[in-house]
Amino acid sequence: MKRLLFLSLLCSPLLAADPVEADFYKITTFATPKETAMEVGSIDLMPDGKLALGTRRGEIWVVSGAGSNDSSNVSYKLFASGLHEVLGIAYNPKDKNLYATTRYEITRLKDTDNDGRADVFENVNDSWGVSGDYHEYAIGSRFDKAGDLWVTLCLTGSFSSAVPFRGWAVRIKPDGTMVPTCSGIRSPGGIGFDADGEAYYCDNQGPWHGSCTLQHLVPGSFQGHPGGNIWYDLAPNMGPRPIDPLPEAFQANRKEKRTDGDPDRMVAERERIKQLVPPAVYLVHGKIGNSASAIICDLSAGKFGPFSKQLFVADQSHSNLSRVYLETVNGIKQGVVIPFRSGFASGIIGGRMDEEGRVFVGGSDRGWGARGGKPFCFEKCEWTGKTPFEVHEMHAKPDGFEITFTQPIDPTSAGEVKSYSMREFTYAYREEYGGSEVSEIVPTITAAKVAADGKSVRLTISPLTKGHIHELHLDGVRSAEKLPLLHKVGYYTLNEIPVK
Amino acid sequence: MTRLLFATLFAAASAQAVEPVVFSVKTMTAQMKYDTAELLVQPGQPVKITFENGDDLPHNMVFCQPGTDTAAMAMKQMEKPEEALKRNWLPDDARIWAHSKMLNPHEKEVVSFSAPEKAGSYPYVCTFPGHALTMRGVLKVAAMGDKLHDLQFALYLGNWQKLPDFSKLKPHREGKIDDNLIQVKLDDYKNEFGVVFTGKLTAPKKGSYRFYLSSDDGSRILIDGKEVVAYDGIHPAGDIKEQGITLEKGEHEFRLEYFQGGGQIELYAAWKGADTQITPLSTWLHPKWQGGTKKQKEFDPIPLVVKDEAVIYRNFIQGAGNRGIGVGYPGGVNIAWSAESMNLSLIWRGAFMDASRHWNSRGGGHEKPLGYDVLQPTGEVTPAFLVTDKPEGEWPKWDKAKRYEGFHWLGYSLDAKRSPTFRYTWQGVEVEESFRVEGDGNKPEGHAKLVRTVKVTGKLPANAWYRIGSGVFESKDGGFISKGPVPFRISTESAQVAGQNLVVPAKTGTMTITYQWAQ
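Heads up: the sequence lines are chains H and W, in that order. For the first sequence, my numbering gives the first residue as 441, with consecutive numbering after it. For the second sequence, my numbering gives the first residue as 8, with consecutive numbering after it.
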């Protein structure tokens with residue numbers, strides 16, 4: 441590591457003008473109405489370029505002019521107040537109403553007299569339980585392609601499940617019925633869809649979670665925390681209750697050595713528990729974030745820069761956005777997370793991109809603290825039109841990885857093995873809170889072959905380790921213009937090693 | 008109690024040999040704070056802190072040198088997160104001189120150290136990423152001040168409402184106080200007497216000093232014949248009065264005047280200098296001097312003010328279950344409706360709700376109504392409707408793990424003044440309930456009334472009852488008076504007392520119920 445850093449210092453031109461994130465992605469902070477603390481918990485798009493913001497204080501604001509290049513054009517109208525914490529807001533183009541996911545209910549809000557304030561509040565569904573514990577957050581999605589709303593229900597105190605469906609993801613159908621969809625949720629931070637409409641949520645570091653994660657909500661799956669599995673009797677559509685993961689501490693603390701592998705590894709438990717879906721991407725704790733929240737997919741077809749169809753994951757504590765490229769290997773989602781943009785004003789909780797490629801985010805630092813420093817914020821992140829030199833995609837191969845870039849690469853530096861370094865690690869899958877990076881392996885990078893078109897490189901790595909996070913540093917790689925990468929690290933979660 | 012507490016502390020205060028001090032510090036659940044913002048110790052004093060993590064995130068307690076920018080120190084770790092992770096987020100920083108482990112949720116550790124010899128403010132902080140901005144406190148190291156010397160007392164007899172001019176009175180008894188601590192130890196007098204204490208106090212240097220005083224009943228402190236702080240009149244010793252003064256270096260005349268009317272006898276005095284801790288001058292120690300720590304204060308209130316429109320507040324309201332909907336109506340009457348039992352849970356008057364509990368930190372807990380005269384006519388979360396052939400029997404009790412069968416919550420609509428009409432179904436029958444206020448609930452004599460309208464559409468099952476009150480009711484003037492802690496009157500047509508229940512036979516159509524505080 442040290443040697444690599446030294447090398448990169450020698451090679452790099454050490455210009456004061458080395459690119460920074462703000463050269464490529466600009467953050468605009470909006471002024472918000474003085475009479476409230478705009479602790480944004482959820483954002484959705486409305487017709488005519490308007491936005492709906494749901495807040496932790498239970499308000500819904502309709503925002504106009506946030507897309508304008510002049511941020512002073514923004515205006516706010518209080519649409520509803522007094523709701524129990526709006527951590528999901530969804531505009532339904534069919535009935536033209538807003539739907540709020542609150543602590544114990546999905547509420548349809550109607551403005552029957554068209555005065556810009558809701559006057560009818562209808563219960564769409566309230567069939568999950570609420571025990572009065574503060575941690576039982578309900579985080580709701582916008583509408584999916586089928587017209588369903590997805591809700592992830594935090595465990596009681598984030599450890600156990602005192603009332604039905606705490607620790608579950610459920611779907612609310614257009615007719616208002618609830619379909620229990622996934623078990624194993626711990627403490628969700630956000631929910632969203634990829635370009636194909638597949639649903640994902642972020643879970644947070646804690647019991648059974650060594651790190652925050654981005655998880656694929658496959659209907660019928662078990663997402664890893666067994667606390668809520670006591671409710672399988674109430675969800676016959678989900679089939680039999682999965683067997684529980686083994687709660688024991690990780691191998692280093694174990695008295696006897698086991699001969700049948702490490703049961704406290706996700707990769708081992710997947711063999712035993714057939715419903716268990718591994719995290720698609722570990723949002724490596726302390727490095728990518730500490731408190732993963734909103735999931736935003738780039739469907740702007742290039743208006744947000746070169747990362748079309750990729751996911752952007754926000755973090756409350758780090759006040760940042762990270763970028764995720766996903767692929768499917770052996771039917772399982774996996775991929776890489778790369779830092780993207782830091783420096784938001786407060787802890788990010790809600791986020792949404794519009795068709796013009798503007799990312800609207802907002803949040804608050806309340807309860808967990810955030811690097812941004814402001815108690816709450818509502819902001820916009822836009823592409824400046826300049827393309828950063830970044831890893832574009834990272835694909836798993838049977839013997840290594842293929843890495844594509846946003847700009848042509850310098851074949852000399854990119855073709856040298858010493859321009860790269862890698863370490864592999866995982867987290868124990870265990871009941872104890874959090875956990876460190878364990879089972880570190882430092883593989884050998886045996887080859888770095890630049891493609892003929894000069895846009896990608898093929899790394900041969902020995903060994904690849906199934907279930908491990910492969911942390912790749914590309915400190916020595918330069919663009920054709922001899923610039924270093926804007927972000928020189930990526931963390932690839934290798935759930936499956938492809939056969940070809 | 009008071010005396011016992013004093014005994015341990017005073018040992019530290021009086022002797023030069025410093026006794027160990029024991030503190031308990033907890034992390035506040037869901038608030039990203041320690042429950043203790045300040046710890047007060049003497050230079051070199053052995054300190055034992057029982058540090059308990061009641062929160063559900065990891066936390067530590069890291070003590071640093073005075074002037075350390077603890078937030079910057081904690082933040083700096085993020086430059087090399089891998090190394091920081093290996094150190095379990097304990098910064099590698101020479102300014103750290105003591106620390107706990109990184110405690111997992113619900114872990115406990117006893118941290119022991121000797122306080123620094125140098126007086127000053129030593130910050131402590133949680134260095135887990137993101138916590139340092141709010142999770143911090145100060146260990147204050149300061150020596151104890153001097154005691155009084157040459158302390159004498161003079162006892163006077165008399166029945167006063169305020170401190171008399173003792174100079175015009177003749178003492179009944181005089182004497183010397185050997186331990187030089189102000190005390191009231193008069194086995195022969197319980198009521199109607201006064202004591203004047205006189206002695207000398209040495210200021211170690213010229214500077215500002217502060218005097219603290221509390222008593223039951225009146226008292227005042229004079230320095231060099233001039234009144235510094237007074238707490239005159241008949242009262243309990245709830246408050247501590249304090250006042251600053253500049254003193255020249257050297258000896259000063261100290262005088263404390265006290266009188267007792269009747270009842271409790273209490274007298275507390277203390278002083279502090281720029282470099283010294285609050286040092287008791289009396290044998291008794293005021294319970295508010297919390298043994299060297301300053302606990303975190305509650306949040307600043309965020310009252311939800313009701314003006315000319317109704318205000319709705321859906322959150323955890325104490326007494327209204329977990330699906331409570333608070334409504335503050337213009338006219339100073341408020342209710343909490345339960346979207347769980349589909350019933351009125353609470354009525355109160357005056358101010359509506361304080362949102363500070365829910366709008367600060369992680370927002371945990373149930374908040375009680377902000378106003379007064381809180382009524383709970385039928386219990387916390389019990390439905391009004393029941394099919395029973397024994398209306399005098401028990402109504403279903405709330406089980407928060409279960410939902411009431413037969414009820415379905417539909418929501419509410421708001422009228423022009425934002426007053427809600429609640430809607431639900433019971434056994435397939437549609438019910439609408441709305442409320443209006445008469446009189447003025449903000450005034451005790453405002454004759455405030457809450458009028459509840461219940462509209463039932465559809466065919467009810469046989470033997471359906473609607474309960475409007477539980478407890479003991481007395482029929483009077485066409486209404487029913489509740490004998491509960493806050494007396495109130497309920498009236499409606501065809502109400503009847505059935506055992507501990509006040510019930511109405513449920514029927515299709517509209518029913519009006521009036522709730523009124525007994526004047």
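Just so you know, the hints here were simulated from the structure itself, not pulled from any lab data. There could be a bad hint or two in this list.
What the hints assert, rightly or not - Straight-line alpha carbon distances no greater than 27 Å define the calculated DSSO-like cross-link-like pairs of lysine-lysine that follow:
#, chain 1, residue 1, chain 2, residue 2
1, W, K207, H, K550
2, H, K613, W, K409
3, W, K115, H, K466
4, W, K375, W, K397
5, W, K169, W, K147
6, H, K490, H, K585
7, W, K83, H, K814
8, W, K212, W, K147
9, W, K87, H, K466
10, H, K928, W, K83
11, W, K207, H, K922
12, W, K314, H, K517
13, W, K456, H, K550
14, W, K93, H, K858
15, W, K233, H, K928
16, W, K424, H, K536
17, W, K462, H, K550
18, H, K749, H, K490
19, W, K93, H, K928
20, W, K87, H, K858
21, H, K743, H, K837
22, W, K87, H, K814
23, H, K906, W, K93
24, W, K115, W, K147
These numbers were taken from a predicted model, which means no experiment stands behind them.
Status of the hints after comparison with the structure:
For a cut-off of 27 Å, the pair hint linking W:K207 to H:K550 is broken: about 76 Å separates their Cα positions. Taking the CA atoms of H:K613 and W:K409, the gap is near 23 Å; set against the 27 Å cutoff, the hint holds. Only pairs whose Cα atoms come within 27 Å are accepted, and W:K115 paired with H:K466 is rejected, the gap being roughly 45 Å. A C-alpha spacing of about 34 Å is found between W:K375 and W:K397, which places the hinted pair above 27 Å, so the restraint is violated.
Restraint check for W:K169 and W:K147: the C-alpha separation of about 38 Å exceeds 27 Å, so the hint is violated. With a C-alpha separation of about 21 Å, the suggested pairing of H:K490 with H:K585 holds against the 27 Å cut-off. The hinted pair formed by W:K83 and H:K814 meets the criterion: a straight-line CA distance of about 19 Å does not exceed 27 Å. Taking the CA atoms of W:K212 and W:K147, the gap is about 21 Å. The hint holds against a cut of 27 Å.
Between W:K87 and H:K466 the CA atoms are separated by roughly 26 Å; this keeps the pair inside 27 Å, and the hint holds. Distance check on the hinted pair: H:K928 and W:K83 sit about 20 Å apart at the alpha-carbon level, within 27 Å; holds. In summary, the hint linking W:K207 to H:K922 is not supported, as the alpha carbons are separated by about 81 Å, beyond the 27 Å threshold. For the proposed pair W:K314 and H:K517, the alpha carbon gap of about 19 Å is at most 27 Å, so the pair holds.
Between W:K456 and H:K550 the alpha-carbon distance is near 31 Å, which puts this suggested pair outside the 27 Å criterion. Note on W:K93 and H:K858: the hinted pairing holds, with a Cα-Cα distance of about 26 Å set against a maximum of 27 Å. Proposed proximity of W:K233 and H:K928 is contradicted: the alpha carbons are some 73 Å apart, above 27 Å. In summary, the hint linking W:K424 to H:K536 is supported, as the alpha carbons are separated by about 24 Å, within the 27 Å threshold.
Proposed proximity of W:K462 and H:K550 is supported: the alpha carbons are some 23 Å apart, at most 27 Å. Note on H:K749 and H:K490: the hinted pairing holds, with a Cα-Cα distance of about 23 Å set against a maximum of 27 Å. Between W:K93 and H:K928 the CA atoms are separated by roughly 22 Å; this keeps the pair inside 27 Å, and the hint holds. Using a Cα cut-off of 27 Å, the hinted pair W:K87 and H:K858 holds, with the two alpha carbons roughly 22 Å apart.
For the suggested pair H:K743 and H:K837, the alpha carbons sit about 30 Å apart, so the restraint of at most 27 Å is broken. Between W:K87 and H:K814, the direct Cα distance comes to roughly 24 Å. Compliance with the 27 Å bound is thereby established for this hinted pair. Distance check on the hinted pair: H:K906 and W:K93 sit about 24 Å apart at the alpha-carbon level, within 27 Å; holds. Restraint check for W:K115 and W:K147: satisfied, since their Cα atoms lie roughly 23 Å apart, inside the 27 Å limit.
The structure is inconsistent with the numbered hints 1, 3, 4, 5, 11, 13, 15 and 21, although it conforms to all the rest.
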